[in-house]
Every structure is written in structure tokens, then in C-alpha cells.
Amino acid sequence: MNKTEYLKSLSNELGHMPYGDVKDIIQSIEEHFDEGLGEGRSEEEIAASLGDPKELAAEFKDGVKFNQIMKKRKRLKDYAGPDGRGRIFVILFNAFVGIECWLLLLAAIIAAFCFLAADLAFIGLIVAGLITGTLTEFMVPFIFLILTLACVAVFLVALLILGIKYYAKGLKSYIRWNKNIWNYGLGED
Amino acid sequence: MNSQIKKGILDLCVLALLEKGDSYGYDLAGSLARKVEVADGTVYPILRKLASEGVVSTYLQESQNGPPRKYYHLTDAGRRKLDSERDEWIKFCGEVNEILERGETGGKADE
Numbered sequence: 001m002n003k004t005e006y007l008k009s010l011s012n013e014l015g016h017m018p019y020g021d022v023k024d025i026i027q028s029i030e031e032h033f034d035e036g037l038g039e040g041r042s043e044e045e046i047a048a049s050l051g052d053p054k055e056l057a058a059e060f061k062d063g064v065k066f067n068q069i070m071k072k073r074k075r076l077k078d079y080a081g082p083d084g085r086g087r088i089f090v091i092l093f094n095a096f097v098g099i100e101c102w103l104l105l106l107a108a109i110i111a112a113f114c115f116l117a118a119d120l121a122f123i124g125l126i127v128a129g130l131i132t133g134t135l136t137e138f139m140v141p142f143i144f145l146i147l148t149l150a151c152v153a154v155f156l157v158a159l160l161i162l163g164i165k166y167y168a169k170g171l172k173s174y175i176r177w178n179k180n181i182w183n184y185g186l187g188e189d
Numbered sequence: 001m002n003s004q005i006k007k008g009i010l011d012l013c014v015l016a017l018l019e020k021g022d023s024y025g026y027d028l029a030g031s032l033a034r035k036v037e038v039a040d041g042t043v044y045p046i047l048r049k050l051a052s053e054g055v056v057s058t059y060l061q062e063s064q065n066g067p068p069r070k071y072y073h074l075t076d077a078g079r080r081k082l083d084s085e086r087d088e089w090i091k092f093c094g095e096v097n098e099i100l101e102r103g104e105t106g107g108k109a110d111e
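Chains A and B, in that order, give the protein sequences.
Sequential numbering from 1 applies to the first sequence in the numbering used here.
Sequential numbering from 1 applies to the second sequence in the numbering used here.
It should be emphasised that the hints constitute simulated quantities derived from the structure, not laboratory data.
If you're wondering where the values come from, they're calculated on a predicted model, not measured in any experiment.
Possibly wrong hints are sitting among the right ones.
[Unchecked claim] Pair by pair, the computed Cβ-Cβ distance ranges are:
#1 Y59/B / F113/A: 48 to 54 Å
#2 G21/B / L160/A: 53 to 59 Å
#3 Y59/B / I69/A: 56 to 62 Å
#4 K23/A / A77/B: 23 to 29 Å
#5 S52/B / L92/A: 41 to 47 Å
#6 A168/A / A77/B: 38 to 44 Å
#7 N65/B / L147/A: 40 to 46 Å
#8 I91/A / G21/B: 38 to 44 Å
#9 N94/A / E19/B: 47 to 53 Å
#10 R176/A / D83/B: 37 to 43 Å
#11 I90/B / G51/A: 25 to 31 Å
#12 Q68/A / C93/B: 42 to 48 Å
Ideal placement from N, C-alpha and C gives every residue a C-beta, glycine not left out.
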């Protein structure tokens, strides 16, 4: 395994860690490679002595888990009953900003769905027209139109898949963030 | 050696290596891997954890050739942790050794 392969594999294995952490870790391992190369060692040799990227990633993740547990424990220790300010913040933030933003994004996803449905219906109509022979004299321009509409459909499907995935992910962490403030107040994090 | 046993004590080893003076990742990885049978990479998750606990701090320093190095420094909190845990470990090792060694000779004496 060379340097690029090793770093790529490591960052894949780190997967769900926050971007900043992954960047930081990759940077330190990259630095390790550069130091080794400076000593005249080969990329493969350095990669082998660093150990399996999967195991290394697991060790990094264990460290993060440990920190989260310690943080939570500290927070529980400092916990002195519900924080009124935190709860008011959650209610006001959701009333004026939070819920509106999420509804707006939901509306955008629904709009994209409708657009996709209309696009597919349009393709269907033209195909039906061509098959039944009503549109045969415009064959060539209609085929181009179908191709264009098909491209739009593919683009919309990709957009929707990504959009829904990140919407769900984002909503989940948004709810977690709210819960945290609701339970532990505004103080930390 | 059993990796679970090793893992627990490596944090302390890294702190001890830093007691002699500030150092950077590659150097620490080499020092650790030369003495204990671990992969070079092992030191990095440990350094990260130690930094987040505040027992080591980091800073960047120019190296003669190539990009700046990230140096690790043992903080006062780190020094305190090292002192107390080192004594604990040495005491614990003594006790374990006593049991293990007596287990051997004691068994023979009983016969």
C-alpha cells in the first residue's frame, strides 16, 4: 500500500467522525509519511509499519468515544437541574427559525418530487404519441426532447436521493442538539 | 503480550517519553515502537486522546527541511498524572510479580 492508498483507506474507515477530526488525523499521518520519506524509507515500508489502517481507525474512534463519555460524565456531574434559559431558547429558536427552515427544505424536496413526476409524465406522453403515430412527423425533435427530459429526470433522482439522505441526517442531529440544550442548558458545547 | 493489557499502559509510556522533552509524532512513534512491540501508528490515537485530556499540549515548529512539525509538550497536569500513575504502576507490577513468582516456587514447596 502506498501513501495515497493508506490515507484514503484510513479516512474511509474513520467515516462518521466530524470532518475537522478526520482532517486533523489525516494530517498527522501524512506528516508521519513525510518524515519517513525524508529518512529515505519507501512509502510501502512506512505504511506497513504504521499498521492496518482499519485497526488504526478503530483506535482513533475508541479515543473519541472515551472523550465523549468523559464529557458526558462531567456534564452530568455539573448538572444542577433544568436550565430555564436553555428551554426558552429552544422554544423561541424553533418557533422563529428552526421549524421554518426544516419545513422550507421539506417543501423544496416535495417540489423536486412534483417536478420529477411532471417530467416523467411528459416523457410518457411523448412516447405514447410516437408509438400511436400521432406525432410521427416530429420524430427527430421529439427524440431530442425526450433525451433532455431524461437527463433532467436522472439529475432530479440523484438530487432527491442525496437531499433526503442529508435531510434525515441533519434533522436527526438537529433534534439531538435541541435535546441537549433542553436537558443541559446553554452552558457547554 | 495481550493487547488489552498493553493498551492501558501505553498512555503512561507516551507521557514518560515526553518527560525528557518535547517531541513530534514520528519521533515518538519510533521511540515507542523500538521498545514495545506495537505498530508505529498506535502513538497517534494516544497523543490525540492525551491532548484532549489536557495532559499534553501541541505547537507547530519549523523543521530544517520540509513542512513544520507538530510538537507535543507535557503540561503540568500531565506531569502530575505521570508521577502518580507511574508510582501506582510500579507498585502494582511489584505485587503482580510477587504473586506470579511465588505461585511458581510456592507450588513446588507444597509438594
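For each hint, the structure was consulted:
no.: 1; hint: Y59/B / F113/A: 48 to 54 Å; in the structure: holds (52 Å)
no.: 2; hint: G21/B / L160/A: 53 to 59 Å; in the structure: holds (57 Å)
no.: 3; hint: Y59/B / I69/A: 56 to 62 Å; in the structure: violated (28 Å)
no.: 4; hint: K23/A / A77/B: 23 to 29 Å; in the structure: holds (26 Å)
no.: 5; hint: S52/B / L92/A: 41 to 47 Å; in the structure: violated (33 Å)
no.: 6; hint: A168/A / A77/B: 38 to 44 Å; in the structure: holds (41 Å)
no.: 7; hint: N65/B / L147/A: 40 to 46 Å; in the structure: violated (56 Å)
no.: 8; hint: I91/A / G21/B: 38 to 44 Å; in the structure: violated (54 Å)
no.: 9; hint: N94/A / E19/B: 47 to 53 Å; in the structure: holds (51 Å)
no.: 10; hint: R176/A / D83/B: 37 to 43 Å; in the structure: holds (39 Å)
no.: 11; hint: I90/B / G51/A: 25 to 31 Å; in the structure: holds (29 Å)
no.: 12; hint: Q68/A / C93/B: 42 to 48 Å; in the structure: violated (31 Å)
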